[in-house]
Amino acid sequence: KNQVEQSPQSLIILEGKNCTLQCNYTVSPFSNLRWYKQDTGRGPVSLTIMTFSENTKSNGRYTATLDADTKQSSLHITASQLSDSASYICVVSDDRDDKIIFGKGTRLHILP
Amino acid sequence: DAGVIQSPRHEVTEMGQEVTLRCKPISGHDYLFWYRQTMMRGLELLIYFNNNVPIDDSGMPEDRFSAKMPNASFSTLKIQPSEPRDSAVYFCASSPDRGYTGELFFGEGSRLTVL
Numbered sequence: 001k002n003q004v005e006q007s008p009q010s011l012i013i014l015e016g017k018n019c020t021l022q023c024n025y026t027v028s029p030f031s032n033l034r035w036y037k038q039d040t041g042r043g044p045v046s047l048t049i050m051t052f053s054e055n056t057k058s059n060g061r062y063t064a065t066l067d068a069d070t071k072q073s074s075l076h077i078t079a080s081q082l083s084d085s086a087s088y089i090c091v092v093s094d095d096r097d098d099k100i101i102f103g104k105g106t107r108l109h110i111l112p
Numbered sequence: 001d002a003g004v005i006q007s008p009r010h011e012v013t014e015m016g017q018e019v020t021l022r023c024k025p026i027s028g029h030d031y032l033f034w035y036r037q038t039m040m041r042g043l044e045l046l047i048y049f050n051n052n053v054p055i056d057d058s059g060m061p062e063d064r065f066s067a068k069m070p071n072a073s074f075s076t077l078k079i080q081p082s083e084p085r086d087s088a089v090y091f092c093a094s095s096p097d098r099g100y101t102g103e104l105f106f107g108e109g110s111r112l113t114v115l
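These protein sequences, in sequence, are chains P and W.
Here our numbering is used: position 109 in the first sequence is 109, and no number is missing along the way.
Here our numbering is used: position 17 in the second sequence is 17, and no number is missing along the way.
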């Protein structure tokens with residue numbers, strides 16, 4: 001069964017620090033991998049979209065990386081801000097079953 | 001553009017009552033998706049439409065759930081009768097394509113509590 005697993009489930013860091021969130025997937029073949037940010041009580045908003053041929057994609061202080069060989073992606077947040085407190089969801093498009101598969105997310109808390 | 005608009009934002013109802021959730025997609029988007037989000041299962045696709053036609057409803061939990069899209073600017077998700085296990089946040093999303101290669105645009109969600 002195609003799955004998308006994210007780690008850690010939750011993370012607490014101090015404002016200004018960097019952090020890295022992980023996404024491991026078993027989906028194969030896949031066409032793209034996305035990271036979404038979901039603020040509490042809001043809908044998810046897209047941060048980055050990477051095709052299988054891309055290794056990295058940046059959006060401001062957010063940088064996503066992709067290793068299609070090991071089926072791993074990471075989202076690195078630089079110089080965290082209080083507004084980065086949110087859930088971050090990894091999403092993979094399954095070419096075989098024509099479905100979009102969501103991870104359960106990592107809950108990030110930024111402390112002042 | 002106003003984005004995807006959902007209503008109500010919050011709904012509290014008693015078991016057995018009918019619940020109707022509403023969604024207005026972004027104008028020009030041909031695809032509309034209904035998702036359910038819980039802590040245990042994350043985001044789950046319930047059904048999606050293309051040009052107002054239901055394409056895949058395999059995620060609809062059971063016959064108590066139904067969805068319609070009478071026109072390009074409006075869709076409803078109905079639960080009748082509702083049960084406590086239906087408590088969740090229901091999201092509507094739209095996309096200019098199947099959402100498969102492009103971006104999904106989500107509404108703010110409807111938080112449903114069934115007592």
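One thing to keep in mind: the hints can contain errors.
[To be verified] As a list, the in silico DSBU-like pairs of lysine-lysine whose alpha-carbon atoms are at most 30 Å apart:
(1) W/K78 <-> P/K57
(2) P/K99 <-> P/K57
(3) P/K99 <-> P/K71
(4) W/K68 <-> P/K57
(5) P/K104 <-> W/K78
(6) W/K68 <-> P/K99
(7) P/K71 <-> W/K68
(8) W/K24 <-> W/K78
(9) W/K78 <-> W/K68
(10) P/K104 <-> P/K17
(11) P/K71 <-> W/K78
(12) P/K17 <-> P/K99
No lab work stands behind these hints: they were computed from the structure.
Source: prediction; values computed, not measured.
Structure-based check of all given hints:
With a CA separation close to 39 Å, the supplied pair W/K78 and P/K57 exceeds the 30 Å bound. Restraint check for P/K99 and P/K57: satisfied, since their Cα atoms lie roughly 23 Å apart, inside the 30 Å limit. Distance hint between P/K99 and P/K71 is fulfilled; the C-alpha atoms sit about 17 Å from each other, no more than 30 Å. This hinted pair does not check out: W/K68 and P/K57 have alpha carbons roughly 37 Å apart, beyond 30 Å.
A hinted pair counts as satisfied when its Cα atoms are at most 30 Å apart, and P/K104 with W/K78 qualifies at roughly 25 Å. With a C-alpha separation of about 21 Å, the suggested pairing of W/K68 with P/K99 holds against the 30 Å cut-off. About 37 Å separates the Cα atoms of P/K71 and W/K68, which puts this hinted pair outside 30 Å; it is violated. Our distance criterion of 30 Å between C-alpha atoms is met by W/K24 and W/K78, whose separation comes to about 15 Å.
Restraint check for W/K78 and W/K68: the C-alpha separation of about 8 Å stays at or below 30 Å, so the hint holds. A distance of roughly 24 Å separates the Cα atoms of P/K104 and P/K17; the hinted pair therefore holds under the 30 Å criterion. Of the supplied pair hints, the one linking P/K71 and W/K78 is violated, its CA atoms being roughly 38 Å apart against a limit of 30 Å. Annotation: proposed proximity of P/K17 to P/K99 is violated, straight-line Cα distance about 36 Å (limit 30 Å).
Violated hints for the displayed structure, listed by number in ascending order: 1, 4, 7, 11, 12.
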